[in-house]
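J.: Residue-level listing of the chains:
There are 2 protein chains.
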Amino acid sequence: MPKNNSHKVPMPTLERLATYLTALVDLTERGMATISSNEIERLTGINAAQFRKDLSYFGEFGRPGIGYDVEELRERLAKILKVERSQPVLLIGAGNLGSALVGFPGLRAQNFHIVAVFDNNYNKIGRRLWDLEICDVEDIPNTNKDIQARIGIIAVPSNAGQDAANKLVAAGIKAILNFAPTILKVPDDVVVRNVDFVQELAILAFHLSEEQPSV
Amino acid sequence: MPKNNSHKVPMPTLERLATYLTALVDLTERGMATISSNEIERLTGINAAQFRKDLSYFGEFGRPGIGYDVEELRERLAKILKVERSQPVLLIGAGNLGSALVGFPGLRAQNFHIVAVFDNNYNKIGRRLWDLEICDVEDIPNTNKDIQARIGIIAVPSNAGQDAANKLVAAGIKAILNFAPTILKVPDDVVVRNVDFVQELAILAFHLSEEQPSV
DNA sequence: TTACACTTGTGAAATAGCTCACAATCTTGA
DNA sequence: TCAAGATTGTGAGCTATTTCACAAGTGTAA
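So the sequences go chain by chain: S and C. With the numbering used here, you'll find the first sequence wraps up at 217, consecutive numbering, no jumps. With the numbering used here, you'll find the second sequence wraps up at 217, consecutive numbering, no jumps.
Each hint should be verified, as a subset may be incorrect.
Heads up, the list lumps identical chains together, so a pair's fine if it works in one copy or across two of them.
Unchecked claim - Here are the simulated DSS-like pairs of lysine-lysine, each with C-alpha atoms no more than 30 Å apart in a straight line:
| id | residue 1 | residue 2 |
| --- | --- | --- |
| 1 | Lys55 | Lys81 |
| 2 | Lys187 | Lys55 |
| 3 | Lys10 | Lys55 |
| 4 | Lys55 | Lys84 |
| 5 | Lys126 | Lys176 |
| 6 | Lys126 | Lys84 |
Derived from the structure by calculation, the hints contain no laboratory data.
Given only the sequences and the hints, what does the whole structure look like? Please build it.
T.: The structure is reproduced here in structure tokens:
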């Protein structure tokens, strides 16, 4: 009975957990009270046994013959993923992408709050991005002494990515969401996830049949 | 000797291929002529044997004792991922994220060209997003008769995601990059990749130690 | 010419992840 | 109270992916 051992949970399981949570939030809004693993499969495309196995890493959640209480499962998953409480997030890069992220309604809805924005461009520092003042990247460690954020987002051009990562790490950030198309070198106790639009498109392009290009 | 069999290539291999390509573009710019699988490991964090095995799905690329010709490998990977020629891309959603995507320099650099933007908001239709005119989503099939794009990007709120997907499919799109936090139902011959910022942050949050929240 | 250091490509072994299938549990209704 | 039907949690088997380890190819320097 492996209850919580954070480090033995397979990454694919973790990624699906986030998917289940998304689905459950949706179900809550639609007022559904209970759900079976089979319905989860229909909804998410993820195999019902897989769903049950994924949950089993963290304990027992359902009742045989009945299914899962939507509200309870949502809460427990939120707790496992640590999104049940507000998480402060630091953002580096006040460009188009950074702007889109600050304005993204989904983040707030799921308890992630971008509380500070930084840039290294002196034309931007001091200006506002939505309701936040853009600060100098050099101020990151200082600012984070108060905020104590542990999550950072890098939304800068690739050549500035590593530098941004270094500054975040120096400020005590332990988890980085990286949009810069660069492989970041960080200490072992810092987790990085990369999101690369171009790579995603390339993978999609691979699946296209040969034939005509265009443009 | 499985040369090209597109359908037997494991997805993880494909994802790494895109990573290698990113690294090689970088190496080309830095003027490096050849590289060994060990150096690839140092650069990307991906195991050297893994790199060689990944390539082996597509043929032979290196020379024993020497390594790989950076320029040649880059070209061949680009060809495999079908990014060696310009790809037209349709975008649905002219919000903040859509705007960031159109303005994203990396796309153009890797031969992906957003050639048309659509929205269902009548306040936006007819306006401009960068150098593109925002069109009515209803015009997608018609517009794509000329363009013949096969890749589409969905950057709309979650409740509009499935609708956008349906329209893209109706217009002949075969590959979709989906930023809406919804599970899309599409025909078997259409490939979807989901990018969900909130899920990524949730996965990061999971890895944080317990302790204080904030905000 | 030979020995040495390096590096690829790839079967085979090891690891990781997924799915099946079923005992155990629970509800409902007669 | 009992039988039928639904559904969970999980060991066991299966499939997929990663890593190992080595024969074979290549360049360098004596």
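J.: None of the hints should be skipped; say for each whether it holds.
T.: So, going through the hints one by one against the coordinates:
1. In this homomeric assembly, Lys55 and Lys81 come within 30 Å of each other (Cα to Cα) only inside a single copy, at 18 Å, whereas the closest approach across copies is 39 Å.
2. Taking the shortest Cα distances, Lys187 and Lys55 sit within 30 Å of each other only across copies (24 Å), while inside one copy they are farther apart (33 Å).
3. Proximity of Lys10 and Lys55 under a CA criterion of 30 Å is satisfied in both settings, with 13 Å inside one chain copy and 27 Å between copies.
4. In this homomeric assembly, Lys55 and Lys84 come within 30 Å of each other (Cα to Cα) only inside a single copy, at 20 Å, whereas the closest approach across copies is 37 Å.
5. Taking identical chains as interchangeable, the C-alpha atoms of Lys126 and Lys176 lie at most 30 Å apart only when both belong to the same chain, with a minimum of 26 Å there against 40 Å between chains.
6. Taking the closest pair of Cα atoms, Lys126 and Lys84 never come within 30 Å of each other, the shortest separation being 33 Å inside a single copy and 37 Å across copies.
Checked against the numbered hints above, the structure breaks only hint 6 and satisfies the rest.
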